[in-house]
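Chemist: Going down the list, the protein sequences come from chains A and B.
The first sequence: position 6 = 44 (our numbering), numbered continuously.
The second sequence: position 28 = 66 (our numbering), numbered continuously.
The set of hints was computed from the structure by calculation and includes no laboratory data.
Among the hints, erroneous ones may be present.
Intra- or inter-copy, both count: the list cannot distinguish identical chains.
As the list claims (entries may be wrong) - Pairs of lysine to any residue residues, derived as SDA-like cross-links and limited to a Cα-Cα distance of at most 25 Å, are as follows: (1) K107 <-> A70; (2) K110 <-> P48; (3) K125 <-> D140; (4) K125 <-> A61; (5) K107 <-> G142; (6) K110 <-> Y141.
Here is how the chains run, residue by residue.
2 protein chains.
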Amino acid sequence: MTYITDTPSPPYYAVIFTSLRTAGDHGYAAMADRMVDLALRQPGFIGVESAREDVGITVSYWSDIESIKQWKANVDHQQAQRLGHEKWYSSFKVRISKVERDYGV
Amino acid sequence: MTYITDTPSPPYYAVIFTSLRTAGDHGYAAMADRMVDLALRQPGFIGVESAREDVGITVSYWSDIESIKQWKANVDHQQAQRLGHEKWYSSFKVRISKVERDYGV
Numbered sequence: 039m040t041y042i043t044d045t046p047s048p049p050y051y052a053v054i055f056t057s058l059r060t061a062g063d064h065g066y067a068a069m070a071d072r073m074v075d076l077a078l079r080q081p082g083f084i085g086v087e088s089a090r091e092d093v094g095i096t097v098s099y100w101s102d103i104e105s106i107k108q109w110k111a112n113v114d115h116q117q118a119q120r121l122g123h124e125k126w127y128s129s130f131k132v133r134i135s136k137v138e139r140d141y142g143v
Numbered sequence: 039m040t041y042i043t044d045t046p047s048p049p050y051y052a053v054i055f056t057s058l059r060t061a062g063d064h065g066y067a068a069m070a071d072r073m074v075d076l077a078l079r080q081p082g083f084i085g086v087e088s089a090r091e092d093v094g095i096t097v098s099y100w101s102d103i104e105s106i107k108q109w110k111a112n113v114d115h116q117q118a119q120r121l122g123h124e125k126w127y128s129s130f131k132v133r134i135s136k137v138e139r140d141y142g143v
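If we strip away everything but chain A, and leave its shape as in the complex, we get (with noise of 0.2 Å):
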């Protein structure tokens, strides 16, 4: 389950990453669930949302720019962004993203 993420007051970064699957699981899904446990983890990380229709969008939350670069430089997370270009993702693109005024209800 996925709720909206409680952010805190801007400034603070957003990572955009929307995807094109590739047929069949091959292990994504457990690995999805693996990745958000260890972003959990990760210094800077404030929170995620995930949906998935024709394309696939998660938005994660951090704190600053270097709490970015190094969830990208996590072992194991280089691992799964390896298999994700040889097995998962048809296409995809990452937005760095700086959160520069938010509002809601």
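Once you've looked at the hints, dock chain B against the given chain A.
Modeler: Positioned in the frame of chain A, the structure of chain B alone reads:
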């Protein structure tokens, strides 16, 4: 059908809209389609990605912050925003962010 948006080189802007729906349609799907058609005609609009499972995530991409302000102030869009508050969303969050880096395949 939604695809991965073909965005220009950064910087550009992303509006991350995350929502929880109320039960039932109440005119939501038709209005959502209408708002995409209308956004396509806005100056500065680049594209949109959208998926819903537990939460709905819609990310729209814009060339600059002024275009986002004009879209927020659009009269037809304001009516949709009002109905969103009143009928369609039990909660939502809008995050306006500047994309600083991107990569993908």
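Chemist: What hint numbers does the structure not satisfy?
Modeler: Result: no hint breaks.
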